[in-house]
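Q: Take a look at the letters that make up each chain.
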Amino acid sequence: MTLTQHDIDQEIAAGRAAYEKRLADGGPVEHQPRRDYAPYRSSVLRHPKQPPVTIDVSQDPELVELSSPAFGERDITEIDNDLTRQHHGEPIGERITVSGRLLDRDGRPVRGQLVEIWQANSAGRYAHQREQHDAPLDPNFTGVGRTLTDDDGRYHFTTVQPGPYPWRQHVNAWRPAHIHFSLFGTAFTQRLVTQMYFPSDPLFPYDPIIQSVTDDAARQRLVATYDHSLSVPEFSMGYHWDIVLDGPQATWIEEGR
Amino acid sequence: MTKIDTSRPESVLPTPSHTVGPFYGHALPFRGGEDIAPAGHPDTVTVHGYVLDGEGKPLPDALIELWGPDPDGKVATADGSMRRDPASGGFLGRNGVEFTGWGRIQTDANGHWYARTLRPGARGRNAPYLSVCVFARGLLVHLYTRIYLPGDTEALAADPLLSRLEEERRDTLIAAAEDSGTYRFDIRLQGEGETVFLEFR
Ligand SMILES: [Fe+3]
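So the protein sequences, as listed, match chains A and B. Here my numbering is used: the first residue of the first sequence is 23, the next is one more, and so on. Here my numbering is used: the first residue of the second sequence is 5, the next is one more, and so on.
Bound conformation, chain A alone:
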């Protein structure tokens, strides 16, 4: 049977109703998606059925997971955070700057840590062998960037606006435009891989991946804000996106590293 957008819409609505019921029954606000979110079909065989075993980090300062790998100037090059300068020519598309701060749950900046991004080009095509979408590749765009956060926890990228792309989970399935982010904190428990979206994308209601975050406020935290002060005159449009890492860390460590 062909899976239609209508089928997925109904499952998304059912997922939201179930969450609202959990809330009404006194359940907690869910900041993270559930790993078993059927509207995103790839999750069905790839989520554990046993509950995770909880480790209370306050009981043991020696846990390996309370430290995190270090990254430094050797791990990036000067132009890694400018995705428009990695080839001889200029990539096609609307230039954008994306900037924000990397914070922990106490609102403290995460300093000197690695931020990695990857994205489709302006036509919605990844520079990836397995990508089958029939949109043009851009010889001047790889779509991969890296940077280290500064003393304020700030990161900064220059890139082009990624295009939405079809992904064949169901008939007429389209991903809203997004940039993938990979982040490290001061503890391995804070590791995060996520996606940043753009304001007012009409595809949001149809996309089971963003809708896997069923809490409205949590889902909004995945959407960047247009920030005119980040726009560069005659050059690029600016977007602001702050990231807050979940997960506990060592309480006895001084602020920063």
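Since the hints were derived computationally from the structure, they do not count as laboratory data. A portion of the hints provided could be inaccurate.
[As the list claims (entries may be wrong)] Now the stretches of chain A that chain B is said to cover, found in silico as 3 or more residues with beta-carbon under 8 Å:
#1 32 to 43
#2 51 to 59
#3 64 to 74
#4 107 to 118
#5 175 to 184
#6 212 to 224
#7 234 to 242
[As the list claims (entries may be wrong)] Taking beta-carbon pairs under 10 Å as the criterion, some of the chain B residues facing chain A (in silico):
#8 K7
#9 T10
#10 A31
#11 D83
#12 L96
#13 R129
#14 T186
#15 F201
[Claimed, not checked] Now the in silico label distances, taken between C-beta atoms and shown as ranges:
#16 B:D76 - A:P221: 44 to 54 Å
#17 A:P255 - B:L169: 52 to 62 Å
#18 A:D128 - B:E102: 27 to 37 Å
#19 A:S222 - B:L169: 39 to 49 Å
#20 A:Q32 - B:E172: 33 to 43 Å
#21 A:S251 - B:D76: 44 to 54 Å
#22 B:G195 - A:D128: 43 to 53 Å
#23 A:Y248 - B:G128: 43 to 53 Å
C-beta atoms are modelled at their ideal positions from N, C-alpha and C, and glycine is treated no differently.
Guided by the hints, dock chain B with the ligand onto chain A, whose structure is given.
A: Same frame as chain A, now just chain B with the ligand:
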């Protein structure tokens, strides 16, 4: 809102996780990601295995990150896991001297992965282990687990995590010894023999 007001702690809420997706292959893996041990180090161990789904099918698009201490139980502080070449913009790889403790490996087309790292040392009351973070298409939030190496039965029995688990589940966290210094560790995301996954609080 995606501008966080840090003067209002109630507005500092976590950014939700998302799947790594299928198209990270040109972005996240890097040359030498699996060669964590300094070249020729006598305490090098090889760990390898498969990542399997609920039907026992291997995942060709899983990404594993390993993080472990050195043989003395010291956590690495050196950077340089993914040294870049400023001239070409490519990867130089590790320098083969410093131990960064961290590695990243993509499963191959057969769903198999391997890494060479230093035999981890014990820390505190814990038996020696490597911390593992699993990412994959279909996995909306990454999964943590641990690779304990077999051998020191006393240390394993006293480990605060292992001692809390029933035997069958506990065994999913202990690698199987193969040839000297080689250990097999499969990660079963779902179903029979499901690996124990961890949540830190
Ligand atoms: Fe994507």
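Q: Against which earlier hints does the structure fall short, listed by number upward?
A: 1, 4, 5, 14 and 22
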